[in-house]
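**Student:** Take a look at the letters that make up each chain.
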Amino acid sequence: MSQAAEQGYLEQLLRGQASLPASPRVWLNGLRADALERANALAVPSTRDEDWRFTDLSPLYRTVLPPAARRDAVEPGLLVDFALTEAGPRLVFVDGHYVPALSDPLIDAGVTVSGLAEALEQGQDGAVPEHLGRYADFHADAFAAVNTAWLHDAAVITLARDRVLARPVHVLFVSTQPGVSSTPRVLMVAQTGSGCTLVEDYVALHEDAYLTNAVSEIALGPSARLRHVRLQRESKAAYHIAACAVRLQRDAQFESVSVTLGGRISRYSLNVTHAGEGGECRIDGLALIDGRQLADTHSTLDHTRPDGRSRQLHKCIVGGAAHAVFNGKIFVREGAQRTDSSQHSRNLLLTDKAHVDTKPQLEIFADDVKCAHGATVGQLDADQVFYLKSRGLSEGAARDLLTFAFAAEVVERIPVPSLARRLEQTVVHQTKGKQT
Amino acid sequence: MTHTGNTLLAVRGLTASVAGVPILKGLDLTIRAGEVHAIMGPNGSGKSTFAKVLAGHPAYEVTGGEVRFRGSNLFDLAPEERARAGLFLGFQYPIEVPGVTNAAFLRLAYNTVQGARGKDELDPLEFDDYIQSKLELLAMDPAFLERSVNEGFSGGEKKRNEVLQMAVLEPTLAILDEADSGLDIDALRIVANGVSKLRTPDNAVLLITHYQRLLNYIVPDYVHVMEAGRIIKTGGKDLALELESRGYDWVAEEFAAGRATAASVV
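Chains as they are written, first to last, in the working numbering: chain H, 1 to 436; chain S, 1001 to 1266.
Any given hint could turn out to be false.
Taking CB as the label site, the calculated pair distances span [unchecked claim]:
(1) H:Ala372 <-> S:Pro1022: 49 to 57 Å
(2) H:Asp368 <-> S:Gly1155: 52 to 60 Å
(3) S:Arg1199 <-> H:Gln379: 35 to 43 Å
(4) S:Arg1070 <-> H:Arg167: 55 to 63 Å
(5) H:Gly335 <-> S:Tyr1130: 54 to 62 Å
(6) S:Gly1071 <-> H:Ala382: 29 to 37 Å
(7) S:Pro1142 <-> H:Ala372: 45 to 53 Å
(8) S:Ala1143 <-> H:Gly30: 37 to 45 Å
(9) S:Pro1022 <-> H:Thr47: 39 to 47 Å
(10) S:Arg1199 <-> H:Gly88: 52 to 60 Å
(11) S:Ser1072 <-> H:Gln379: 26 to 34 Å
(12) S:Val1062 <-> H:Thr63: 55 to 63 Å
Pulled from the structure, derived: some chain H residues nowhere near chain S, Cβ distances all over 12 Å [to be verified]:
(13) Ser23
(14) Leu31
(15) Asp49
(16) Val64
(17) Gly77
(18) Val164
(19) Lys236
(20) Arg309
(21) Leu362
(22) Ala375
(23) Val385
(24) Lys389
(25) Pro417
(26) Gln430
(27) Gly433
(28) Gln435
In case anyone wonders, no lab produced these hints; they're calculated from the structure.
Positions of the beta carbon are idealized from the N, C-alpha and C atoms, including for glycine.
Next comes chain H alone, as it looks inside the complex (with noise of 0.2 Å):
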């Protein structure tokens, strides 16, 4: 494709851009007009970028998705299915754009979550302008920069000092509508010592195609904790680009478990950047993918001051000739001594045509550090089989059961119990007798 098409299509995500109503906040106008002029400048990636070697994103070029007009009227009944048990705060956004008539927002001593504009309404001023726009760059990421300059809705969650949420909050995205484009915008800044989980689910109610292009930034102050769910459920058809930015200050702890389960083309780029001492970060993923699905996860952790802590474990279930792709970098900075870290990529694919690029990578430039990592792709184990048919399971049973179970590793691990059995179904029915 030419460089003048890839241009036209960026345009063609920004068109309406310009009449979009001004904040009365005159830094997020300037922030809008920041990110245009950079959308205007930036060429889409492709093939040819070295991120983007493994992900061919001209299908999505060719595609015309014009960005999404509101559409409140969404009968409630259709989003039952997709309801938390556990949730407190919900935040409902129907094609990138805040519901508050379905959403059950908590405003309240210290705690604020949610749409953009009441956030600012509560006086949370304060916060957000010093952190929204400030951790996911996009000064040289296209789609990040599309996402940037349409900023008018956003999930806005923030937490006064030691203020901690017992029930989690959830975030969730519905497209409505096929043939469009959504930018969906969290923001969640966590003052010294507060905490709480953070569920980010983008869910669809049909199986057509449409592009969500969001983008998360995640403020950890000092000894906060963030329990983070990210589940990409998307219909089958959709394209969905992600990044999400996480910094990290003294002590901060972030859990992440993200699932990937949707889009014909998906991609995830996960930004986490210790820039406090002693930071702890354990970043879980799983993609099951089938059909001709394509799910790409880029991570990067960058150790910037010394005794960080990093525990990464990500996983594929890769299904009939669908390719999964994970390049996961870690920085170990001068001066971040002590760093401990682990990376692990593990992969299991069912069938012959199934593929899987995997790339770890650490660049470390401090000399008294612990990092481990390793990949692996294959079958299951033979052993496992052997063992589990000595005991009365049929070769299918006991392959199914361990695909349950690799997949289970990282599911168990989502801190929100309803969330997980329902992720079980999910890869009991995706997987049960799926092998080649």
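Knowing the structure of chain H, use the given hints to seat chain S on it.
**Tutor:** Below, chain S without anything else, positioned relative to chain H:
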């Protein structure tokens, strides 16, 4: 009236290879219902290979001979069919299965085997009751059920878990490969008592062991000495004591002398 049980296992001239290397070289053994047999022998004599061949491990190739289990040709049965027919192998090195809880695994195995035997399956609550008595038999903490199968278990815990599976599946013939390794004396007593309590006039146990100490608790009717892929001597329980004090060399020498004599007679 002395009662001789039905023959459960009849092995005749069994030969088997691993990766093209012959390991079993003409093994004969008969086990009847109600009996306890022990196979002893030095490392590399083929004891574990024999156990794995009986269970149907795909890495072991049967090259000759015959094995009948409860009247059927064992080699006509897939590993899972052998298990359902009542053959059980307690593994020397139990396999870790991360992500599968012991409870789910035991119930699935139990219900599969029960179904194949034409018996009723149990729902999770009923199985919970059933498993409690088995846990007590082996003095196992119910917390074991919620852990992944063998994952992070100590050597002794793994062995206990093997016998728990045996208790749940109620096999006709249980082959326990080095069931005592990794067990301290208290755990050994518990495991051995558990195995003993599972004995009935209708089932049988084949113990594969290096050491005599297990046989103090589960007293064998027959002790066999294996060497170079064959059984070269069979005796009663006293043979185990003799092996403990004198080692294996004398048995091999006696066997070699016996063959030489036989050859000279011929």
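**Student:** Does the Cβ-Cβ separation between Gly335 (chain H) and Tyr1130 (chain S) fall within 54 to 62 Å?
**Tutor:** Given about 59 Å between the Cβ atoms, the range holds.
**Student:** May I ask you to test the hint 55 to 63 Å on the CB atoms belonging to Arg1070 (chain S) and Arg167 (chain H)?
**Tutor:** Holds, at about 58 Å.
**Student:** Would you say Pro417 (chain H) is clear of chain S, with no C-beta pair closer than or equal to 12 Å?
**Tutor:** 14 Å, holds
**Student:** Holds or violated: the 35 to 43 Å window for the beta-carbon distance between Arg1199 (chain S) and Gln379 (chain H)?
**Tutor:** Once the Cβ atoms are compared, 40 Å apart, the range 35 to 43 Å for Gln379 (chain H) and Arg1199 (chain S) holds.
**Student:** Test the statement that Gln430 (chain H) is away from the interface with chain S: the closest C-beta pair must be farther apart than 12 Å.
**Tutor:** At roughly 16 Å from the nearest Cβ of chain S, Gln430 (chain H) sits farther out than 12 Å, so the non-interface label holds.
**Student:** Okay, Ala372 (chain H) versus Pro1022 (chain S) on CB: inside 49 to 57 Å?
**Tutor:** Since the Cβ atoms of Ala372 (chain H) and Pro1022 (chain S) sit about 41 Å apart, the hinted range of 49 to 57 Å is violated.
**Student:** Beyond 12 Å on every Cβ pair: is that true for Ala375 (chain H) relative to chain S?
**Tutor:** 17 Å, holds
**Student:** At the C-beta level, are Ala1143 (chain S) and Gly30 (chain H) separated by a distance inside 37 to 45 Å?
**Tutor:** 58 Å, violated
**Student:** Within 45 to 53 Å: is that where the Cβ-Cβ distance between Pro1142 (chain S) and Ala372 (chain H) falls?
**Tutor:** Given a distance of about 34 Å, which is not inside 45 to 53 Å, the answer is violated.
**Student:** For Lys389 (chain H), is the shortest CB-to-CB distance to chain S above 12 Å, so the non-interface label stands?
**Tutor:** 4 Å, violated
**Student:** Does Lys236 (chain H) really sit off the interface, with its C-beta more than 12 Å from all C-beta atoms of chain S?
**Tutor:** Holds: least Cβ distance 26 Å, greater than 12 Å.
**Student:** Note whether the CB distance of Asp368 (chain H) and Gly1155 (chain S) lies within 52 to 60 Å or breaks it.
**Tutor:** With Cβ atoms ~35 Å apart, the hint is violated.
Checked against the numbered hints above, the structure breaks hints 1, 2, 7, 8, 9, 23, 24 and satisfies the rest.
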